[in-house]
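Q: Model the full assembly from the supplied sequences, consistent with the hints where possible.
As you go down the protein sequences, you meet chains A and B in turn.
Letter by letter, the first sequence follows residues 0 to 331 of numbering that gives the first Met the number 0.
Letter by letter, the second sequence follows residues 0 to 340 of numbering that gives the first Met the number 0.
Check before you lean on any hint, since a few could be wrong.
Unchecked claim - Here are the simulated EDC-like pairs of lysine to aspartate or glutamate, each with C-alpha atoms no more than 20 Å apart in a straight line:
1) B:182 / A:81
2) B:258 / B:269
3) A:80 / B:86
4) B:132 / B:178
5) A:215 / A:227
6) A:80 / B:178
7) B:85 / A:293
8) B:180 / B:130
9) B:180 / A:81
10) B:69 / A:293
11) B:293 / B:330
These aren't lab readings, by the way, just hints derived from the structure by calculation.
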Amino acid sequence: MAVITMNSSDVGPKALATTRAAAVRGFRRGDRIFRLVTFAAALSVLVILCGVMLSLLFGAWPALRTFGFGFFIHATWNPVKDVFGALAAIYGTLVTSVLAMLLAVPVSFGIAVFLTELCPWWLRRPIGIAVELLAGIPSIIYGIWGLFVFLPFVQSVIQPFLINLFAPIPVLNILFAGPPYGIGTFSAAFILAIMVVPFITAVTRDVFETVPAVLKEAAYGIGATRLEVVRRVVIPYTRTGLVGGVMLGLGRALGETMAVTFVIGNAHAISSSLLAPGTTISAVIANEFNEATDPMYISSLIALGLILFFITFVVLAISRLLLMRIEDAEAK
Amino acid sequence: MTLTKFSRLAVVAALGVAAFQVAKADQITGAGSTFGTPIYSAWAAAYQKVSGNALNYQSIGSGGGIAQIKANTVTFGASDMPLTPKELAAADLVQFPTVIGGAIPSVNIPGIGPGGMTLDGATIAKIYMGEIKNWNDPAIAKLNPGVKLPNLAIIPVHRADGSGTTFIWTNYLSKVSPEFKSKIGEGTSVNFPVGIGAKGNEGVAANVLNTKGAIGYVEYAYVTQNKMAFAKVINAAGKAASPSAAAFQAAAANVDWSKSDHYYVILTNEPGATTWPITGATFILMHGTPKDKKASEQALKYFDWGYHNGSDIAKKLFYVMLPPATVKQIEATWAADIHTK
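A: Pasting the structure below:
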């Protein structure tokens, strides 16, 4: 940075003006450099993203050219005969994630409402810290816990119960058809739900806390119950943030690998029953990339990566669209 | 004071650089098979004590090992699946086996202990194709006179990750069942129409131990360590064989490696009354005319040390050594085909 010297004895007004001009020029140059540096940092994100996309496209090209559109709509995954289709993995990824969100979102909202509206002061911190700790557990721990502790319980208690419960109900008796393997799509979704709850809860709690006390007090003042305050004041006020939190959770669920691999059963098949083994895109890649030797096999695995990239992109785009619509509606 | 401190620091730094250079000069690099990782690392630690030479082995999987040796970034590649002589010739590669392992059908059936029942290849193939679905199936009962098998659904468990164990398993089933060969085939990953896929040997073992009615193939170490129940398998000689180090070695001893084409031998379904039929070796790949001759020479010295001094380590890790006659043949192959001079 330029230093302006003011104390030299023979500084006339003219000389002072030139030094000041030089100093200002120096500031401007500094600003320009700062701007360039930050711009380069921002640009690097785009460069990396483009690089990832290009290398995925390049790697996936042989598989996409060979199988064409069929790659997306066939569920056969046969490395021996070199026939690959991604449908089972795509289906498994979407079903486990959606199911996980169905289980996790109500629970997360419940925790957040309790923490911000109903919880006594002394209990807030312990529960808040517990939620954050839950978010910090590595996914491999969830996977191993799921395999050794949770699955035997699911197989012997939860699944037989679900199968018996839904047996007389049409549609549901197909979705929850036996035999109880323990391992399977349902168990994977359940573990995913446990994993995303802390993420959604943390965001939801934060946005709930932004609701001005005045609004809530006004509602209570006209005789609203707690449920009404949450439904009519808190949730409408924080809608944008809630969508953001849910999308964050969904993003994590879509890409989660290790925990799912341990408990989903890794079967390249689409089953009508949620209790049957399935697979997800990231589980397939994690399982099979290491020992894949054949070029078409490797290319197909990379193509799966491309599809996951695309799905995540679409989810992000939809959440942006949703947010924009909500903001528009609020503006009116 | 400052000066002495500085000079001391300089000496330490110089020594450090020197030590690094020595280590770098004699570092053997390898990559590949995860199945072979524990034994290669344990051998390397012991070998470094006697020779001073270190091994840098990257456990990246057989596919990665093959790719790396072809790209010439490592001195040796390690693969659970042997390359065909044609593939070897195309890349100027020489392959040789190092240690033996076996796949064991472990089961979880109430009342059945280790070796408490017997299966044959054709029956196992039908189980994994989903054609035999219950443990009280007449085909299983016929093999087990006097054994009480319950009315219990069979849940086949297989490896979800690409694996040398899957290769040995499917190779055996393809040899004994033409139907399995045409419908499913052999490979490190195959498309099993039924059952559960689990990650790693530990995953398969856990699933079998947790699930009543399960059958799953695991490496020998997992059966012994977890005290799992398993089925004996009827071998090529028509005898019900039990898995053991001796039974794996019997499979290797019955092969005339000298007649084998570039060690392209898979040790499944070999003859011999005590032979375990689902046996396989893991392989090393090296260039016939390596770019870095000295590094290849060092690598061969390391493997030679392992063959002759590594059996205690292998036993501790539940690997099985090749019989001495086979080692002699491998050493002859090195002399003839790997040009390190």
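Q: If a hint holds in the structure, say so; if it does not, say that too.
A: For each hint, the structure was consulted:
no., hint, result
1, B:182 / A:81, "holds, 13 Å"
2, B:258 / B:269, "holds, 15 Å"
3, A:80 / B:86, "holds, 18 Å"
4, B:132 / B:178, "holds, 17 Å"
5, A:215 / A:227, "holds, 10 Å"
6, A:80 / B:178, "holds, 15 Å"
7, B:85 / A:293, "holds, 15 Å"
8, B:180 / B:130, "holds, 15 Å"
9, B:180 / A:81, "holds, 15 Å"
10, B:69 / A:293, "holds, 14 Å"
11, B:293 / B:330, "holds, 17 Å"
The structure is consistent with each of the numbered hints, conforming to all of them.
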